[in-house]
Amino acid sequence: MNNRMNFGALPAGISRRQFLARSSHGFGAMALWHLLAGDGAAATQPHFAPRAKNVIFMFMVGGQSHLDLFDPKPQMAKWHGQPPPESLVASLPDPQIKAGTLMASRRAFKPYGQSGIEYSELVPHTAAMADEICLIRSLHCEQSTHDAAELLFHSGSPLFGNPSIGSWVNYGLGSVCENLPGYLVLISDDGRGLEGAGSALWGSGFMPSTYRGVTFRNSSDPILHLHLPTGISAATQRARLDALADLNRLHQQSTGDAEIASRIASYEMAFRMQTAAPELLDFSQETAATRAMYGLDAEQTRPFGANCLLARRMIERGVRFVHLLHTSWDDHSHLDKHLANNCGMTDLPTAGLLQDLKQRGLLDETLLVWAGEFGRTPMGEVRRGSTAGKEGRDHHPFAFSAWMAGGGVQGGRAYGATDEFGYNVVENPVHVHDLQATILHLLGIDHERLTYRHAGRDYRLTDVAGKVVKEILS
Amino acid sequence: MGPRLRRFKMRNRDTANATRIWKRQGKLYRPTFVVLLAWLCGLNSGEAAEPVRYNRDVLPILADNCFACHGFDKSKREAELRLDLRESAAAELPSGVTAIVPGKPAESALWERVSATDEALLMPPAETGKRLTAAERDVLRRWIEQGAEYEPHWAYLPPQRVEPPPADGSESAIDRFIRSRLAAEKIEPSPEADRHTLLRRVTLDLTGLPPSPLEVDAFVNDRRDDAYERVVDRLLASVHFGERWARWWLDLAHYADTDGYLQDFLRPVAWRYRQWVVDAFNRDLPFDEFTIYQLAGDLLPGPTASQRMGTGFLRNTLSNREGGADLEEFRVKQVIDRTATVATTWLALTIGCAECHDHKFDAITQREFYQLYAFFNDADEVNFNAPLPGERAPWETAKQEHDRKRAELLAPVAAPLAELQADWERRMLETEAHPGQSYAWDRALELLGLQWGQDLGEGQLEGLNIIKTPLAERTQDQKDRLLDYFLSRPPAEFSEKFKELKISELRSKLEALAKELSHVTRAPAMMKAPAQRVTHVHIRGDFRRAGEVVQPGTLAALPPLLEGRQADRLALARWLVSPEHPLTARVAVNRMWQELFGRGLVATSENFGVRGDRPSHAELLDWLAIEFVRGGWSVKVMLKQIVMSQTYRQTSAARPDLAERDPNNVLLARQVRLRLSAEAVRDSALAASGLLCRTVGGPSVKPPQPESVSKEAYRSVWEPSEGADRYRRGLYTFLQRTSPFAQFVTFDLPDASRSCTRRERSNTPLQALNLLNDPVFLEAAQAFAARVLREERGTNGEGKEGNVDERRLSRAFLLALGRNPQGAEVQRLLAYLRQQQELFESDAASAQQLLQDTPLVEGSSAEAAWVALCSVLLNLDEAVTRE
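Taken in order, these protein sequences are the chains called A and B. Taking my numbering, the leading residue of the first sequence gets 1, the next gets one more, and so forth. Taking my numbering, the leading residue of the second sequence gets 1001, the next gets one more, and so forth.
Everything labelled a hint here was simulated from the structure, so no lab data went into it. Treat the numbers as computed from the prediction; the structure is a model and nothing was measured. Be aware that a few hints might be false.
[To be verified] Covered by chain A, according to a simulated footprint, are these stretches of chain B (three or more residues, beta-carbon under 8 Å):
1) 1697-1710
2) 1763-1771
3) 1876-1882
Just so it is clear, CB atoms sit at the ideal spot from N, CA and C, and this is done for glycine as well.
Here chain B stands alone, though its shape is the one from the complex (with noise of 0.2 Å):
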């Protein structure tokens, strides 16, 4: 042992708490697999040109073993040593050692301390439990060897493509990359899942419904080779395909039918945004126009109404419009988080605490997050008419006739009125720039902001952005819409000149006027600001205190933008989806991994910053993000390449033989089982009981819920829809933010005031209430019951087909869970209907009562038995999980 071990060793020993510190490294530890590593490294050792790399092979080593007491958190550091940064690690130490002097592994204090031989020097200490492998090791002091150079952060470096290695058996590069994992663990991959299972897993992924009878039979029997890919070919086709992956997407938007904050008011027409998206993945508009659109639609040259209609992303922000709320604060606020949702949607970046201060941990600055904000810092919110099929021809009839009597109508008190428009507008815009001079103007001003289009989901500042038009450039619509906000809200001094011109009198007549023109739905969607406003940073956040200025810009730790370009929120879509962007694809297709796997390649889907995960494949992730950039960001195509691989199709049975190593099932040996998210919960159980109405579009609808929880809104408005409407998919189910559908927020709807990656699947008493006494799931049991019945006819013991309870069993078994029934569950169903038939021959009452309004078929004791079981078997853990 050299002098300068030992006086490592020594400052060791100085620190009062060591021992306790380096034992917290223990919890630090994470599951990995550097057994693989050791197996690589260990084909690699003999060709010492072979060059390591750092995130791929030396990262995992000292992030696991190592950065707990030498990394980044200063309050644990030991001998003041920190590995994960280059200038740090190679620096002399106080201690007088350097643990790194690159190039030469003998010199440096980390190869001795690895590889030493005395216990009480050897890293990581024994307490930690962690031991390095000979290959670990190796890796290290190849790494010195060849000069231990660093690497930025995985996820800032763009995306690299390795060949998929061989792999027996396997065609498809996913199976390749997961089965060469699997084989270095010497671990079996879990064989393919049976039919049935299958199709209910890849029906479910797709469309989020459960497959038909039909489907069921069809695929069974179907015994060509493709039969499997003509399945994925026709649900990747099926119209609910849209609205499943649309739920996935607006997590993220954190989309609500309502403004939220206190009053909650509604928006009426928010969900023209929610239809954009349906209709986006059902026609697979390629992810990159997907982005641009909802980004920056409104700035492209000539805009269509639907690409106007994709900016409708940013308006599912909060809105506060109650009586005292200050209109800048509020509007900054709406910036700030656009600019997070933005962050999290495409980069995967927790960028919000860099609002106040530098971010702690990841490349961020304050000024950067400003940059950012910038782009939307000109955005405006602004409603547009955008009709329905079959609005615009009846309306643009009636727009001129209407046109022409409201000029009429007009036409008497146009000159005295324009000039007191004029007035209060001039007013307006002095009171905005000089605020505090009167308390009625201030107040007039801050209604015009807060309540504009208030109950109609218009944007706040739709009237301000008007008054801050030039009279020329208004159009017809904006001339019209102010002058009717202007007629009802005059101010007080105003009052005496209204009497005189009879204002009072006209707004009626106006109004009827506007009830006889027909109806035209409008949508949500962002401007350009009429104005360009400055962006300043806000000194801690506040943003009365204006820091420098910045423009608008990206990320110092990521590419920048494409030259040329004005720096406007286009520029940053066309940024965001350029090929070299190294966090764009990759954070989608991970999130899409996340849905058909239960846990992305990089488990925390929301942060690719340095403190969320590394990837668990990082060579897949990169080849499925240059996949999906290469064959045009098509999400189907996407899609279908994961569902198709033999990964995808195995059996989520659970394996023993990894419950310890791989409990999270990281290496993919197997799939895996998840319960069904809120929405899915719902539309399955309405899909086997017949009741579910499969329309695809329109406005938001209430189906009923406990009387208690509308009541916990702001305003009580849940008016349970009637007919059809009672039965649509839970994606149409109106969202109030402050009192969301209390079923999916059972099942772990995520709170719609921010964006959500990843939903949480719990398992609670709660759900267990809901699906036994809930009167909606019971209505799905009478449904599904009578529809049994009705489809599988006859008596017991008659014929050839057998048993009609046993039939009907499989009938029943082929909706709820897309499968038959086994000999015991047979065995114990037909034990617990009898027993339920005798016990309602028992309690008519019950019967009566369980079949009220169902038309069955035959005795009512018998129906309300199937009832009974009908209901048990949509409470069934299966009927709720996708296997």
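Isolated chain A, as found in the complex (with noise of 0.2 Å):
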């Protein structure tokens, strides 16, 4: 029996789709044509030709020390321990960080590759493949707190209740892997857990939920619950997913609630996901030789490198938007021993996942992104208890780097300069929105006219601002 056919509340001649479409209020057609992905709807066009096709964005929360990892600055070694110039701090409000005394980097750099790029000892695998990595040493921004730069970073405003880039990227492009959802989460930590602005960062703010990511857990089962409970038959199942719509479509019919579009949404994708995510997660068939790249077997690389083969298994999969979240990179105090930490736990894995991409062909079409919401201070900081040789540095947004690799950005290129304390950037100047518009190009989307509407006004991910870096592209 064809239950679908059995659908007796819908006057006839009116399919699913326009039925959700009458039903529906508040969001727009290309939301509602991407709920339906999964009865077959094709992807939206992009608005020009895609250098990129999916996103794995390598988030870092907590602002890591540009300082300490990216951007050598030798002549600061001659004025540690000293005042920072009266003219970089007087716009400070915070008289404490003001007073800090500049701290040079207890990092050695070399420069790496056929590029010559500099990269610190402490990630010394990331700066193996630097002729693959664009980095960028001029990002700034204007947000100096977590909550609102990690925000600004995701969803183009330091407000919550905006949808993520990883929501407008495939509210943009729509998903084409059909069983599993187009924004996948990833997330691990270093013992001190995620802070700042949480799952906003994943959220899908005013667009409709199925545009949140989707959180795995870091664990031995990634996903609870996907097997069928024992005497639900696969028939079962199914059946059970066809009442449940058409009842769930009776029940918003009559409320007009768009959210429960969602929610048959998000029942169909788990029903789907129920065969394609054991597969996703099976490492089984990965050689050894690829459970090294990605420290698989190593205690500490474990975590993130887990999540790091998961992210290519995932794109490998369709998967559009791939969000890696490593935490926490807040270094107050304890800047060296939390460093080695925190780079330990991913600089290999990461490496590793830009070498496999590659050596799969897979990094042409995926675009890499690294970042955390702000830099660190020239300064150092003295705080919590933390004595001599455990200084920190606090949050600083007014200069930081982060780098791209793969799908549409040129490889071996250092872009933008800060001045000699890294404190303010004197070259190439990239703000976060920035960062956001040359994303969205690298995907075909003019990030001016993907817009989204809401109480009664277009929203866009880079708010009114943004500028494609030009520079950078391949």
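Each chain sits in its own coordinate frame; assemble them with the hints.
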């Protein structure tokens, strides 16, 4: 029996899609289209030819120190322990940050690859891939608190309630992956837990919940309840889903609540994930060499390494946007110890992912982004009982570093520069909105034309700003 | 155009990326409803005497149209003009003009620019897409005319009582405020929800459980005028009321059953505080007393056990017991968390950042942070004997005998042991005062501090505090506990003497004796530290860098502490609930409102500071706050007022006419559909199935969950409970901080390491997998089916009662959704039922598996089909939504 035909409440001649379109209020036609992607709708056309199809967005929560990882300042040694020039810090509102003394990085830097770009000794594996990487040393924003800066980086606005970049990308391009959500989130931490804006970073804001990032657990069992419970056959499961969809649709008709369409879509996605996810999560076919590349067999690198390998497997299966978060890099004290630990956890798997994508020919169509919400001050910070040798650095939004690789960006490139303290950008500034515009551009999306109507206004990821950084495109 | 104006404009053009920054304003747009203002002001325009009020009338206009470029944010400020402060707004700008000349609109550049006819001069600029209405301009003009007086931030001013405006057909003040606003916007409110929906809504909101079929029938057929009010009164009197509202409060307290940090030791008596909260809500303990007991119950004269137990609120702070942790560092962290939690819970102020520096946005200095901190710096953790019913008498009887035997055992070594212990205590105190002299003694002190009562949830500094208490002032209980600790962890240098005195044999005997003594349950609480601690400002948040000494005190922006009282926690608590306090009552009623409408009148219920949202209905918020205090701080009375309102009783159906104008339902022209909380999702399924165990209170339980989850914790301790404890309400589920209950996490349980004022309500495929495939929910479907088959017997086509499957379906709908099915639903589900029955007939193995352990009454394929049907009902969007 075909359940879908026996659907008494629907007036004759109205398809499911028409039904949904008629009974939903408050969200756009494009959104509806995507909700129904599982019904075979094709992905939306990009605005122009894309350079990348997928994004792996690696976000280092807390704000990692650019001065100790990516932006060498050898001149700092001679000013170590001295107060920063008054002109530099005059505008800072916080007298305590102002009062800090300059702290030279204790990290050795050296040039890597053909391009000879300098990286810190803390990230040797990433640095070994320097010729694939476009390092941006001139990123900046105006938000100096975690929540606001993280939200800005993800949603283009420092306020809560706006969709994440992963939501925007899926909204703009649709998902080509039928059996997995188009936006997946993988989280790891160094024992300090997830801080800052938390789940708002992968929230869909005012877009339907279908665009929200779906989180996997960082454990032996990343998705719970994937398997049918005892006594429920595949046929019953399908029939349950059909009955549920029909009843939920009837209820949507009477309440007019568009969120019910998302619930229906969630169930359909859950159903398809039952088949697709176990295969995705099964690493048994990965070779020993691959496992080593991602550091799966060492305790320190396993949590992040497993997420990196999952990311590759996800994009292989067509997942549009994979969001890795690693926390926390908020090193107000014990900078050396914490940086060494976090780099120890992430550097090798990050490089492994880059290398693996390359050797599989996936790097051309995949854009890797590695960033945090801001950098750290050139001045040292003494706080929370930290004593000599255990200093940290404070938040620094005026200049920081991030990198991109693959999907249409130049490898072996260092773009932009900061002053001799790493305090201000002095060359080729890249605002966070510019980076977002560039990411969308590489995906074939014009950031000024990708809009979503909400509360009577057209919203954009890049607000009313953003300029594509054309100079770094390959 | 005068020369002044021209210069102002030039200045703007000079700014390199002026246009871009102007445009940025657009993003800060928040939908507000200036139309109402326009209407109000329109009415008033003839009355020149009507005073314009800054917070009510002017601020919304400036904030939405001007502050993005002329406000607090220095990096975006244009023309060096700042309009959020009077002194800046009234000062001459570098361009030579003055934005506001109080009393003289004609000389004020602000007025010239907002009323300009030249598009190039008009403010706000066209690029922002904003435009002031004539009424808004008029407000600004009259405000300047009347002297351009500013007011402090609204939340720091005491609530103002405003008579609710008249509105057609509404008696409730709430409705009059809400509806007069709707009328001004020319929006019709929604009609009242049907009785089924209304009953399920108010039952879920007040008790967290769905209504029973009997309750549905009773209400639907009750034709008395006060039928609804009777329901509300019944629900408020239900024991389950306290459970539902306790969970609301526990989010703020950030309650859990373990210590947190890596090792995450158990807190087996944490539940005593949870129980205290349930009881407090059930007996409607007035919110002022509720506040005082939680912050300072121990400081009341001759405190009762219950008053002391209230201070368990302050015991939900994390404890680090990992060897090597610095005692003072983590004690300081606890005090900081207590300070921040209290500020969030009662003041809705985020003050945590003032730990290290002055608050960047609110008027909270670092010094003020430490003044608040000082109230808690003297509060130490302590557990006390708080016998459960039935425990006291047997314990007291046995205790005398126990004490006598214990004294007998100790007598032979009493004198030398006392000497050794005195020496040990002296060395411990010396070590605390002068650490770093001896590694062994540093370590011994650290262990005493960290591990005292580990896995028992005892306070970390209890042992050390007993040592600091003069011998004569120690209770027998304290003496015994300290001695037991001393005997179990002697310093290495005492080992010879311990051998001589045969202490290890003595210990075994004492332990055996202790086991004979009947159990008495303890409870976590707080106490005043034996020695007063001096509080310093921690320079840059470093507790080792003592800045100036501060005394306990409150924030300068708020009223002062009550005169003539010692500035202790009790004074702080009394200050919070003093009638003139501008925040406490507003913050509390706003959170109640949020629970019942999905968002507060102040949407940022965690932040009433200057960066928080302004109230959508300021006068209603004030009215509720004043009523709350006047009504004796009764939570039940306040909730009753809200749920009795027509505003609450409206349907939650979407309003296509408002989809663009009011997508977030700020104006409340309808109710809202809210996904149930993590706990209520579980409770509802168990309630429908009849599995739910409704026992109120007691220790936490561990319902089954996937093995992989319990393995994630540092120590695997998840032994699933047996019997009825598998089906207790979610409130009672053991909360392990490092690995919280998986189903709850999937449904947005907040992180218990900090205070949470509003939960997320997500909608993900993971939730679908959980409800579809979790054996716990399938078990609920099995029991649900068995119940339906049991409660509606008969065969199809029999008698006037009609088709039994239809009757069963109606029953199942009533149990799961609190309503009858519609024709289309019946048709669809009966088809599904027949299809499943056919399927199970051809797949007997599945049917058998599905029915395992389920005592059913009919043929197995029919029964299995009912299980499959009931599982569909439990998965419906409606089943996990409060309509």
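Each hint, compared with the structure:
1. Chain A is given as covering the stretch 1697-1710 of chain B, and this holds because 3 residues of the stretch bring a CB closer than 8 Å to a CB of that chain, at least three being needed.
2. Counting residues of the stretch 1763-1771 of chain B whose beta-carbon sits less than 8 Å from any beta-carbon of chain A gives 8, enough to reach three: the coverage restraint holds.
3. With 3 residues carrying a beta carbon less than 8 Å from a beta carbon of chain A, the stretch 1876-1882 of chain B meets the three-residue requirement, and the given coverage holds.
Violated hints are absent here; each numbered hint is respected by the structure.
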